[in-house]
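Sequence order for the protein chains is A and B. With the working numbering applied, the first sequence corresponds to residues 94 to 557, in that order. With the working numbering applied, the second sequence corresponds to residues 26 to 340, in that order.
Hints should not be assumed to be uniformly reliable.
As the list claims (entries may be wrong) - Cβ-Cβ distance ranges computed for the label pairs, FRET-style:
no. : chain 1 : residue 1 : chain 2 : residue 2 : range
1   : B       : Pro77     : A       : Gly228    : 27 to 37 Å
2   : A       : Pro402    : B       : His52     : 21 to 31 Å
3   : B       : Gly28     : A       : Leu111    : 21 to 31 Å
4   : B       : Arg30     : A       : Leu252    : 24 to 34 Å
5   : B       : Thr288    : A       : Gly249    : 55 to 65 Å
6   : A       : Pro387    : B       : Thr288    : 33 to 43 Å
To be verified - On the chain B side, residues computed to face chain A include the following (Cβ under 10 Å):
no. : residue
7   : Asn27
8   : Gly28
9   : Glu29
10  : Val31
11  : Ile35
12  : Leu38
13  : Phe40
14  : Leu43
15  : Arg54
16  : Asp64
17  : Val72
18  : His93
19  : Gly116
20  : Gln117
21  : Asn256
No lab work stands behind these hints, which were simulated from the structure alone. Ideal Cβ positions, reconstructed from N, Cα and C, are used throughout, including at glycine.
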Amino acid sequence: MARAVVERGGRRIELTHLLWFRRAIRGRWIQWLVAIFMLAGFVLAILAGLFGTPVGSRNFGVIFVWIVWWAALIALLVPVTGRLWCSVCPLPLPGEWLQRRALIRVRPGRRLHTLGLKWPRTLRNIWLQNGVFLGVALFSAVILTHPRVTALVMGGYALAAILLSLLFERRVFCRFVCPVGGFIGLYSMVAPLELRVKNPAVCRAHKTKDCCTGNENGYGCPWMLYPGKLERNTYCGLCGECVRTCPLDNVAINLRTPGADLAPRVGERRLDEAYKGLIMLTSALLYSAVFLGPWAGVKEAAYNVFTLPWLGYAIGFLVANLLVVPGLLLGAVALGRRLGRTGDQPLRQSFVEYAYALVPLGLAAWVAFSLSFVLINLSYAWPLLSDPFGWGWDLFGTATMPWTPYFSGLVPTLQVAVLLAGLVVAVNVVFKIGSTHAARVRAALPVAGFCSLVTGGFLWLYLG
Amino acid sequence: MNGERVAFVILCLIFVGLPAAAFGYQHARTAGAGVRVVDLEARLPGVGGWEPEVLRLKAGEPVRLRIHSPDVLHSFAIGRTEVGPVDVVPGQLTEIEFSIDEPGTYTFYCTRWCSTDHWRMRGTLEVVAADGSIPLSSMEPAPYISLGIELDEGRGQPEGQVPAPALAPSAARGAELALSPPPISIADTPAGIFQQLRVSYPGRSDGDLWAVVAHAWQQKARASELVLGENLYSRDCAACHGLDGRGDGIMARDLPEEPRDWTDAERLMGASDALLHGKIVRGGMGTGMPGWGDIYTDAEAWALTDFVRFFGFRP
Numbered sequence: 094m095a096r097a098v099v100e101r102g103g104r105r106i107e108l109t110h111l112l113w114f115r116r117a118i119r120g121r122w123i124q125w126l127v128a129i130f131m132l133a134g135f136v137l138a139i140l141a142g143l144f145g146t147p148v149g150s151r152n153f154g155v156i157f158v159w160i161v162w163w164a165a166l167i168a169l170l171v172p173v174t175g176r177l178w179c180s181v182c183p184l185p186l187p188g189e190w191l192q193r194r195a196l197i198r199v200r201p202g203r204r205l206h207t208l209g210l211k212w213p214r215t216l217r218n219i220w221l222q223n224g225v226f227l228g229v230a231l232f233s234a235v236i237l238t239h240p241r242v243t244a245l246v247m248g249g250y251a252l253a254a255i256l257l258s259l260l261f262e263r264r265v266f267c268r269f270v271c272p273v274g275g276f277i278g279l280y281s282m283v284a285p286l287e288l289r290v291k292n293p294a295v296c297r298a299h300k301t302k303d304c305c306t307g308n309e310n311g312y313g314c315p316w317m318l319y320p321g322k323l324e325r326n327t328y329c330g331l332c333g334e335c336v337r338t339c340p341l342d343n344v345a346i347n348l349r350t351p352g353a354d355l356a357p358r359v360g361e362r363r364l365d366e367a368y369k370g371l372i373m374l375t376s377a378l379l380y381s382a383v384f385l386g387p388w389a390g391v392k393e394a395a396y397n398v399f400t401l402p403w404l405g406y407a408i409g410f411l412v413a414n415l416l417v418v419p420g421l422l423l424g425a426v427a428l429g430r431r432l433g434r435t436g437d438q439p440l441r442q443s444f445v446e447y448a449y450a451l452v453p454l455g456l457a458a459w460v461a462f463s464l465s466f467v468l469i470n471l472s473y474a475w476p477l478l479s480d481p482f483g484w485g486w487d488l489f490g491t492a493t494m495p496w497t498p499y500f501s502g503l504v505p506t507l508q509v510a511v512l513l514a515g516l517v518v519a520v521n522v523v524f525k526i527g528s529t530h531a532a533r534v535r536a537a538l539p540v541a542g543f544c545s546l547v548t549g550g551f552l553w554l555y556l557g
Numbered sequence: 026m027n028g029e030r031v032a033f034v035i036l037c038l039i040f041v042g043l044p045a046a047a048f049g050y051q052h053a054r055t056a057g058a059g060v061r062v063v064d065l066e067a068r069l070p071g072v073g074g075w076e077p078e079v080l081r082l083k084a085g086e087p088v089r090l091r092i093h094s095p096d097v098l099h100s101f102a103i104g105r106t107e108v109g110p111v112d113v114v115p116g117q118l119t120e121i122e123f124s125i126d127e128p129g130t131y132t133f134y135c136t137r138w139c140s141t142d143h144w145r146m147r148g149t150l151e152v153v154a155a156d157g158s159i160p161l162s163s164m165e166p167a168p169y170i171s172l173g174i175e176l177d178e179g180r181g182q183p184e185g186q187v188p189a190p191a192l193a194p195s196a197a198r199g200a201e202l203a204l205s206p207p208p209i210s211i212a213d214t215p216a217g218i219f220q221q222l223r224v225s226y227p228g229r230s231d232g233d234l235w236a237v238v239a240h241a242w243q244q245k246a247r248a249s250e251l252v253l254g255e256n257l258y259s260r261d262c263a264a265c266h267g268l269d270g271r272g273d274g275i276m277a278r279d280l281p282e283e284p285r286d287w288t289d290a291e292r293l294m295g296a297s298d299a300l301l302h303g304k305i306v307r308g309g310m311g312t313g314m315p316g317w318g319d320i321y322t323d324a325e326a327w328a329l330t331d332f333v334r335f336f337g338f339r340p
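Taking the hints into account, I'd like the entire structure generated from these sequences.
What follows is the structure in structure tokens.
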């Protein structure tokens, strides 16, 4: 039976208390096989992208990466399981195998085969992930529709992951570079799944710290974390190595209250993460405007990369992400401080704290944005099971299945429901943050208004 | 076999077996089908047009073209053949299978008005003979060349002091009059025939004589040719010249020179069929009017000539 405990941040149910679950996590094969299955899909997507038809809707690379995988990730895996995807992501596998000189077995006492360089201190944050995400986002109109570009981008990620594995310690790519990992980490704070130690005092008293160094049961944390101090989901890749290596059975995977990491004063609050929340929200808004809005000229500019109109689009995209929307939030926070007379902490700190309220709203925005194209285009996937390269195959008899939009009439309703749910949670977080100050619901009102304004923008774009 | 070896075998299946199976299956499939598969991309002419722009086939070789468009609706056809047109819808794969027996150089082109530069969207299809050669075109020179007609030197004006008809002359009225016009050649202009009729029938009104001219041209053109000409005009000409031939098509405003107004009787009655045909097959130098000689068969070019002529006449 799963064990339920009440801790700070709400009630938790320990899944690793279930025998079958614990065995599944501690054994290496199930996770490895799922990851290998993903790797096979990854290889097929790159092959199809490079050698298959250039028609995006007929190419496995485009449809299975940007429709199937993306839908599963943003609408299901991240909101429900947090970073579980990272535990089966194929990108870091080759590099990790090269580091370990092993595919699945554990080689205790052996050092990793890497130059072992330390990742620069100035980059030990997610600013680089923010930058890579923005850089890729500028080209997303092309990446998302051209199989060859999709393949090159994915191949580039894979090569970068391998290269960094050979140069640096452990999963530097996942922790500090991967743009997908950056936002998965941020949004995993919403998820009702977590990995935590059962009793931090046990960890403090334990001398050998097997979770960091590894032992005969598993490797030291590839994410360079000390589980004993884990307070948030953000950087834990749920790989399960610490569950395997802990000799004191002090690491658990729990079900918990969704969004528990967003409660005030849970873990540190950082400007790079605050900006990640802003960038994700702004990007979702801009994507909705560019790809779903009525401005054909902007859409055309986004597609015609390296042209003058695209340059204007790119500058606008960056300015909106880095200056305009953060500036609006900053203004709302400053106004709140005046209204609530809460000048007891620096403006920057207030800005960073309130930015975390954008996490549930941003996640809802991405789910709503994804609904607009995922349900409409999901049926493109069935023919590709039989004909992944678009070469006219019919392996399973599904090649001629017609394009059929699913629940297209329901999409606006679902979008409204998701966005309003995100707004409710975001406003709830805003007022919780406000209530930690001395005055002060009034201090939170402008930020709540900011969240409402952004939600209104999305609703206007979707229902317009 | 220990776990590490099993894992290694699985990995080999993914990195070696998967590509080998995919490419092997495709090779076996296409080799067995006896059809060469060629991918062709149709883009707006301003951003690339056809890619590749030149296709090379062997004479008689079956080929399956797989065409896609990343931007707007295009269409594919090969000039002077029966191949196409087929629409190329964005986001869909259009397949067309054909073979061409006659070696030579052909033009493939878009038949949908995809942009103002639509007419530039042409590619070259080289059909190679068994000995590896590509014969030069066996097309006869257009009649305007052998007749010495200068297409760009003010031709198409009424001859002498011939008064152009105020209304488009009625061929039916001309038939009722039962007069005998002189035989018409492709070098004759309606104005010239009108002048001859004036000499032959001095007592007749100008309106009657123009009606006879209209009837004479109607007798020359077969109804089926006029239908073919109308279809070609709608597809290839109307976007600039307008559906009614007034030169006011939706693409006209972006052209370097205003398109010809075919309802302008003064110009049309002074133009011979050979001149109209020449303009069609050669195009208008510097005007934005493309040449259609590489695309239309002789029958198509003459059918379009006859159809254009009837912007000046009524049935």
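Quick rundown of the hints versus the structure:
1. Pro77/B x Gly228/A: 27 to 37 Å: 31 Å, holds
2. Pro402/A x His52/B: 21 to 31 Å: 43 Å, violated
3. Gly28/B x Leu111/A: 21 to 31 Å: Between glycine 28/B and leucine 111/A, where Cβ atoms are some 24 Å apart, the hint holds.
4. Arg30/B x Leu252/A: 24 to 34 Å: 27 Å, holds
5. Thr288/B x Gly249/A: 55 to 65 Å: Given range 55 to 65 Å: holds, Cβ gap about 60 Å.
6. Pro387/A x Thr288/B: 33 to 43 Å: This hint holds: roughly 39 Å between Cβ atoms.
7. Asn27: 8 Å, holds
8. Gly28: Interface hint status for glycine 28/B: holds (5 Å vs cutoff 10 Å).
9. Glu29: 5 Å, holds
10. Val31: 8 Å, holds
11. Ile35: 6 Å, holds
12. Leu38: Constraint on leucine 38/B satisfied, holds at 8 Å.
13. Phe40: 7 Å, holds
14. Leu43: Interface hint status for leucine 43/B: holds (6 Å vs cutoff 10 Å).
15. Arg54: 7 Å, holds
16. Asp64: 7 Å, holds
17. Val72: 7 Å, holds
18. His93: The hint holds - histidine 93/B has a Cβ within 10 Å of chain A, the shortest such distance being about 4 Å.
19. Gly116: 5 Å, holds
20. Gln117: This interface hint holds because 7 Å falls under the 10 Å limit.
21. Asn256: Violated, about 30 Å.
The structure is inconsistent with the numbered hints 2 and 21, although it conforms to all the rest.
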